[in-house]
Amino acid sequence: MSLYEELNNVRIDVSAYEEEMLTEIERKRWEKRVLRKLPKRRTPSMIKWVGLAGAMVLLASLIIPLSGTALAKMPLVYQLIESFIQVDHPPDLSNYKTTVGETAENAYGRMTLNEVLVDTDRLLISATLEPNKRINRFDLEVLKPTIFINGEEARDPYLTQSIGRENDGAYTITGDVPLNTLPHFPKGDQLQFKISYNSVRKDEKVVIDKPWVFDVRVSTKQMQKDTVTYEINKPLPLKHGGTVTINKVVSSPVSTTLYYDVSQAKIGSFWIRLVSKGGKIKELQFYESKISGERTYHRYGPLDLKKETYWIVAEDKNGKEISPRVPIK
Numbered sequence: 001m002s003l004y005e006e007l008n009n010v011r012i013d014v015s016a017y018e019e020e021m022l023t024e025i026e027r028k029r030w031e032k033r034v035l036r037k038l039p040k041r042r043t044p045s046m047i048k049w050v051g052l053a054g055a056m057v058l059l060a061s062l063i064i065p066l067s068g069t070a071l072a073k074m075p076l077v078y079q080l081i082e083s084f085i086q087v088d089h090p091p092d093l094s095n096y097k098t099t100v101g102e103t104a105e106n107a108y109g110r111m112t113l114n115e116v117l118v119d120t121d122r123l124l125i126s127a128t129l130e131p132n133k134r135i136n137r138f139d140l141e142v143l144k145p146t147i148f149i150n151g152e153e154a155r156d157p158y159l160t161q162s163i164g165r166e167n168d169g170a171y172t173i174t175g176d177v178p179l180n181t182l183p184h185f186p187k188g189d190q191l192q193f194k195i196s197y198n199s200v201r202k203d204e205k206v207v208i209d210k211p212w213v214f215d216v217r218v219s220t221k222q223m224q225k226d227t228v229t230y231e232i233n234k235p236l237p238l239k240h241g242g243t244v245t246i247n248k249v250v251s252s253p254v255s256t257t258l259y260y261d262v263s264q265a266k267i268g269s270f271w272i273r274l275v276s277k278g279g280k281i282k283e284l285q286f287y288e289s290k291i292s293g294e295r296t297y298h299r300y301g302p303l304d305l306k307k308e309t310y311w312i313v314a315e316d317k318n319g320k321e322i323s324p325r326v327p328i329k
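So for the sequence shown, the UniProt record's numbering puts the first residue at 1; every next one is plus one.
Mixed in with the good hints there might be a few duds.
Said to hold, decoys possible - Computed cross-link-like contacts, DSS-like style, restricted to lysine-lysine with a CA-CA straight-line distance of at most 27 Å: (1) K317 - K225; (2) K320 - K248; (3) K306 - K248; (4) K248 - K225; (5) K205 - K144; (6) K266 - K234; (7) K194 - K225; (8) K280 - K234; (9) K205 - K221; (10) K282 - K234; (11) K221 - K187; (12) K280 - K329; (13) K280 - K317; (14) K194 - K210; (15) K234 - K144; (16) K248 - K221; (17) K320 - K266; (18) K239 - K266.
Honestly, the hints are just simulated from the structure, not real lab data.
Input sequences plus hints: build the corresponding full structure.
What follows is the structure, given as structure tokens:
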């Protein structure tokens with residue numbers, strides 16, 4: 001096992017220790033220790049530069065105050081948000097997501113909230129759970145977060161979540177939480193989130209006395225800047241009767257979302273499609289509502305709507321178009 005692997009497995013309670021800077025002697029001692037641990041290479045110059053780089057990284061980590069957040073940011077098994085947005089070639093979302101690295105612990109184990117990202121109307125979450133012996137995969141089926149935005153709860157039964165077990169016994173948790181149930185989505189480019197995981201299953205659902213709770217401030221400034229909304233508000237008459245109202249299309253660096261109203265049409269007799277010259281665009285998510293005024297939506301991967309022309313059209317069960325095409329522009 002390497003020096004870095006040893007450090008990754010260390011669990012330290014730093015609450016009883018004071019934060020102190022290393023002395024010059026201690027710095028030299030650590031540098032020599034790191035150099036001894038590094039494997040020898042054929043090229044002497046490479047030994048020098050790699051050794052010094054490793055020493056600097058280690059020294060920097062020792063000089064930084066060992067707060068709970070700093071320890072949580074030590075290497076840990078987790079999924080990047082880019083890895084679960086369901087596209088073949090996910091974009092780099094570094095400019096849009098917030099790295100958290102905050103850890104909470106209770107009798108069931110230690111959870112780290114790794115990253116969050118606010119898309120146009122949803123919250124994407126990446127977390128890691130390091131459980132103790134009291135919890136297993138089945139217990140986690142009801143482990144779903146309660147979300148508050150600026151103090152208002154975002155209630156939605158259609159949360160999508162995936163839990164995967166890693167070789168070291170940890171669980172990677174990824175969540176896709178719709179935020180469109182809020183009566184009024186908060187304005188501004190700074191949002192305060194409270195994310196709470198407060199129940200597991202032990203034969204039956206158990207509410208945790210000390211839930212995993214995270215308070216996170218998220219900036220949406222860059223996401224808002226790079227998101228384009230195409231207001232359409234056009235009726236789409238269907239050949240067999242009924243009308244679908246196309247509301248808008250929202251294009252972000254993470255997704256493309258088509259919103260429409262089906263309250264004046266017979267659900268189940270048609271399907272709304274997004275098409276281009278290359279064919280039909282595959283939906284990643286969809287939600288249908290018969291309630292007047294409540295928007296149905298289809299979500300797709302990120303598309304460049306300025307570079308290529310796309311249309312919205314209705315199809316019957318056989319894939320035949322049964323409405324005029326409405327361009328997105």
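Going straight from one Cα to the other, do K221 and K187 come out at no more than 27 Å?
-> holds (11 Å)
Are the Cα positions of K282 and K234 separated by 27 Å at most?
-> holds (23 Å)
Quickly compare the C-alpha distance for K234 and K144 to 27 Å and report which way the hint goes.
-> violated (37 Å)
Taking 27 Å as the top limit, are the C-alpha atoms of K239 and K266 close enough?
-> Answer holds: K239 to K266 is near 12 Å, not above 27 Å.
For the pair we were handed, K205 and K221, check the Cα-Cα distance against 27 Å.
-> The hint is violated at about 39 Å.
Taking only the CA atoms, is the gap from K317 to K225 under or equal to 27 Å?
-> Violated: K317 and K225 sit about 39 Å apart, past 27 Å.
For the pair supplied as a hint, K306 and K248, confirm whether the alpha-carbon distance does not exceed 27 Å.
-> OK: K306 and K248 at ~15 Å, within 27 Å.
Does K317 lie within 27 Å of K280 when you go C-alpha to C-alpha?
-> holds (15 Å)
Is K248 close enough to K221, meaning Cα to Cα at most 27 Å?
-> holds (21 Å)
Could you grab the alpha-carbon distance between K320 and K248 and see if it respects the 27 Å cut-off?
-> Distance of about 23 Å is within 27 Å: holds.
Compare the distance between the alpha carbons of K194 and K225 with 27 Å, and conclude whether the hinted pair is satisfied.
-> Holds: K194 and K225 sit about 24 Å apart, inside 27 Å.
For the pair supplied as a hint, K194 and K210, is the alpha-carbon distance within the 27 Å limit?
-> Roughly 15 Å between the alpha carbons, so the hint for K194 and K210 holds.
Hints 1, 9 and 15, counting from the list given before, are not met by this structure.
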